[in-house]
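There are 2 protein chains.
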Amino acid sequence: MNFYKKLAQHHRKLSKLSHLNAICSWDQASMMPEGGNEARSEALAELAVMQHELATAPHLKEWFEKAEAEQLDNEQRVSLKEMKREWQMNTLLPAELVESQSLAGSKCEHAWRSQRHENDWHSFSKNLKEVVELSRHEAQIRAEATGLSRYDALLDIYEPGMTTKQLDRIFNDVKSWLPSLIRQVQEKQATEDVITPVGPFPIEQQKSLSLEVMSKLGFDFNHGRLDVSIHPFCGGVSTDVRITTRYDEADFTSALLGVIHETGHARYEQGLPAKWRGLPAGEARSMGIHESQSLFFEMQLSRSKAFLDILAPLASDAFSRRDDAALTSENLALFNTRVTPDYIRVDADEVTYPAHIILRYEIERDLVEGHIEVEDIPELWDKKMTEYLGLTTRCNHTDGCMQDIHWTDGSFGYFPSYTIGAMYAAQFMAAMRREMNIENLIHARNLSPIFNWLDRHIWKKASTVSTDQLLIEATGEKLNPEYFKQHLIDRYLK
Amino acid sequence: MNFYKKLAQHHRKLSKLSHLNAICSWDQASMMPEGGNEARSEALAELAVMQHELATAPHLKEWFEKAEAEQLDNEQRVSLKEMKREWQMNTLLPAELVESQSLAGSKCEHAWRSQRHENDWHSFSKNLKEVVELSRHEAQIRAEATGLSRYDALLDIYEPGMTTKQLDRIFNDVKSWLPSLIRQVQEKQATEDVITPVGPFPIEQQKSLSLEVMSKLGFDFNHGRLDVSIHPFCGGVSTDVRITTRYDEADFTSALLGVIHETGHARYEQGLPAKWRGLPAGEARSMGIHESQSLFFEMQLSRSKAFLDILAPLASDAFSRRDDAALTSENLALFNTRVTPDYIRVDADEVTYPAHIILRYEIERDLVEGHIEVEDIPELWDKKMTEYLGLTTRCNHTDGCMQDIHWTDGSFGYFPSYTIGAMYAAQFMAAMRREMNIENLIHARNLSPIFNWLDRHIWKKASTVSTDQLLIEATGEKLNPEYFKQHLIDRYLK
Ligand SMILES: [Zn+2]
Ligand SMILES: [Zn+2]
Chain U
0 MNFYKKLAQH HRKLSKLSHL NAICSWDQAS MMPEGGNEAR SEALAELAVM QHELATAPHL
60 KEWFEKAEAE QLDNEQRVSL KEMKREWQMN TLLPAELVES QSLAGSKCEH AWRSQRHEND
120 WHSFSKNLKE VVELSRHEAQ IRAEATGLSR YDALLDIYEP GMTTKQLDRI FNDVKSWLPS
180 LIRQVQEKQA TEDVITPVGP FPIEQQKSLS LEVMSKLGFD FNHGRLDVSI HPFCGGVSTD
240 VRITTRYDEA DFTSALLGVI HETGHARYEQ GLPAKWRGLP AGEARSMGIH ESQSLFFEMQ
300 LSRSKAFLDI LAPLASDAFS RRDDAALTSE NLALFNTRVT PDYIRVDADE VTYPAHIILR
360 YEIERDLVEG HIEVEDIPEL WDKKMTEYLG LTTRCNHTDG CMQDIHWTDG SFGYFPSYTI
420 GAMYAAQFMA AMRREMNIEN LIHARNLSPI FNWLDRHIWK KASTVSTDQL LIEATGEKLN
480 PEYFKQHLID RYLK
Chain C
0 MNFYKKLAQH HRKLSKLSHL NAICSWDQAS MMPEGGNEAR SEALAELAVM QHELATAPHL
60 KEWFEKAEAE QLDNEQRVSL KEMKREWQMN TLLPAELVES QSLAGSKCEH AWRSQRHEND
120 WHSFSKNLKE VVELSRHEAQ IRAEATGLSR YDALLDIYEP GMTTKQLDRI FNDVKSWLPS
180 LIRQVQEKQA TEDVITPVGP FPIEQQKSLS LEVMSKLGFD FNHGRLDVSI HPFCGGVSTD
240 VRITTRYDEA DFTSALLGVI HETGHARYEQ GLPAKWRGLP AGEARSMGIH ESQSLFFEMQ
300 LSRSKAFLDI LAPLASDAFS RRDDAALTSE NLALFNTRVT PDYIRVDADE VTYPAHIILR
360 YEIERDLVEG HIEVEDIPEL WDKKMTEYLG LTTRCNHTDG CMQDIHWTDG SFGYFPSYTI
420 GAMYAAQFMA AMRREMNIEN LIHARNLSPI FNWLDRHIWK KASTVSTDQL LIEATGEKLN
480 PEYFKQHLID RYLK
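Chains as they are written, first to last, in numbering that gives the first Met the number 0: chain U, 0 to 493; chain C, 0 to 493.
Certain hints may be false.
Unchecked claim - Pairwise CB distance ranges, derived in the manner of DEER restraints:
{"no.": "1", "chain 1": "C", "residue 1": "Ile229", "chain 2": "U", "residue 2": "Thr162", "range": "52 to 60 Å"}
{"no.": "2", "chain 1": "C", "residue 1": "Leu53", "chain 2": "U", "residue 2": "Glu95", "range": "20 to 28 Å"}
{"no.": "3", "chain 1": "U", "residue 1": "Met435", "chain 2": "C", "residue 2": "Val197", "range": "54 to 62 Å"}
{"no.": "4", "chain 1": "U", "residue 1": "Pro32", "chain 2": "C", "residue 2": "Ile309", "range": "20 to 28 Å"}
{"no.": "5", "chain 1": "U", "residue 1": "Cys394", "chain 2": "C", "residue 2": "Arg245", "range": "52 to 60 Å"}
Bear in mind the hints are in silico, worked out from the structure with no lab data behind them. We put the CB at the ideal spot given by N, CA and C, even for glycine.
All chains should be built: construct the whole structure from the sequences, respecting the hints.
If you want it as structure tokens, here you go:
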């Protein structure tokens, strides 16, 4: 067991460097004054080099070979498998490719920030072509090493085990019912009287409300904090989770639901097993599972009428607006479940969101596989937006194919996690409902059984089982998109 | 110039690791929830190991030898000298000694936190003996390498070039006039009517006032921040200086003057030359020079009547107390210059402070040189406190020799920096006065000439000249304690 132990020690060392990276990156986004950015970026780049050198040290190949020949118990086998997966991910790509990708990504992203506002697809597409070429190269290398198709090899980075075959089947099913469901929901909602809450909602009061809600949702403030950043995220380390939000005086719901979303991510991190700390087996299973936890908190739980019965009085109290009709749970339930097809993914509601993802998935899949080229994107985008959401993006790249940051740095394969996560969340909720009456628990202000279920079935499993296995153990079956469909019908059409 | 360049690159890499260390340490003290401490400490310990390995890499010896043989210009020579000084400091001690010191220091400090409250000298002294033995060992090694005496070799870490011989001369002089000066000041102040400002002073208002005063003192908020920690400090990096304070609702002056003190440290860091960034020649010259900048801001500038004419109305406004007689500049001038011999160094006033330092200097000098033993400390402490300040500490170790944290981790040689710093500050002010009318500038709200003088003579010099040279270039002579004496007489007896 000598080499297994060496490998474990090596990975714990790596995780300490990740710790420094996570805290300094959080600081960069939430605390650092602008003038500190250059030196910080240089320090973080140096750290990244050291992390990469350590993660790809030549002696690891031999260590893995020897460790695999050792007498290991089951848990150690699992841990070794995850260490090896991480090592292979890190060593697969030649350093020159990684560097070219980093440079092309920075260049593309930096230019995108102004090109997007100028609707300048022509200039943007040149940079994007470079990024796509490098990603295809990466995909090719990963495909050869794993025996997967090129796009599947990228998917595997974010959602191990997920394949195009499975996604095509799931997303084609969604496409068969989503457009008509959206229309039905819109028809139903056309007659609803919804009051839009009118600001200002002072930031200090929003902050107090956020902290109170996080507390109700079991966020452990002894192992985490809430701060402010331009782009909200969940960062830090599992023993000290740093979530951020951005307050808007005109609208308290966006920050509040954002905080609840990040609290879902945070509880997953805080709930990871201490026993496996510092080892890949002790980390979150996948991006999709991570997103399932944030969406469980944000969508399944907090947009439910039962939970809004708790949330609404907290909000009225926080803003001293006990007579504001906009802040009743009935109105907030309506307000927070409005469905409107629109251009921007990050602002999309729960029902139209999958359409945005499927569109991106279909385009990036074909792009990586080489079936389409960068030049084809705007037309495809417009065609699919029209087909799925009834909106044209012709000549409007700003609100079309140039709206997201993901492709600028070559994160192809990431988008599906969002909708896969929403589906996992619905499936977890359905399984939980078979064991307990969720509404009764919420009404009794007794959320612990819900969190305990997540802790037992997801958080404490970390990466010690595959995603399929995790789903089966938690819900009795693999990913089944029917639960998500049923959730949308129950919430939006009943 | 090949090896000089390699060494410079190596040191820039080291400074990037210091950057990560500084930010994560700042976070640990000011942001991190308690539950994150264990993992953070482990991550920082791992980083410290990597920093040490890099700083003491075996090939550096050859690099230095080869670089010294290269054709270098004057600036490069200076830079090489400082790199070599740092390298020698780092490589001198065997790793086992450093580790033993770290362990003994942690143990001693940890136990001290409760032992101090329990006045338990007996238990504390056992741990301290271990620490002292290891420091004597360190001093011996440093003495052999440098040709200095053992205590001088420790002094040299914090205040390069400073010697026991010089300190004995300076401090014996101070001892010859300080006790009688303290008595005279007390007699004079006995008849003064001083009003103690009465709280509460809300923390938010104190914070606004602090930020406003920092701004007036030229703190660059694009390269730094103000936050809260239990023990105020100036941390971060020169491009992003993080200062902290601790607010007390009952007394606004302690936090405010603390912030001004740290602002002095911060402006030195922010003013260091960008050209030398990442190289030892571009770092602060010494602990004494660093303290001279904080004390210049806190003592020379902010406790002056002229500056209090600016500060007092800011404070009255901040707390909406325009009629509070305690907040006039006249009263604040009296209140902030009260002299009272007391037990605790960190709470001491400007006049009695040197007595606390001289006492510690004399004890630690003899302790390191082996002239006295740990057992002798309480009696010596009591004797010297009685002699210098007329206070006995017999049987009161809590407020006597157990009050400071410095000795617990073996930082012998550090204490003199405080008083040396106060003397440098007075000497800088005297030199400045020969070039400009400080009071007129302050009255005209024109502080730039003062800061420009410090920037030109101290900040931009960084470590490119020796301390003696820096003093000579700035003031025309080496350290001359007469200016400090004269400053005390002018402020307290006129
Ligand atoms: Zn998320
Ligand atoms: Zn200081």
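Verification of the supplied hints:
no. : hint                              : verdict
1   : C:Ile229 <-> U:Thr162: 52 to 60 Å : holds (53 Å)
2   : C:Leu53 <-> U:Glu95: 20 to 28 Å   : holds (25 Å)
3   : U:Met435 <-> C:Val197: 54 to 62 Å : holds (57 Å)
4   : U:Pro32 <-> C:Ile309: 20 to 28 Å  : holds (25 Å)
5   : U:Cys394 <-> C:Arg245: 52 to 60 Å : holds (58 Å)
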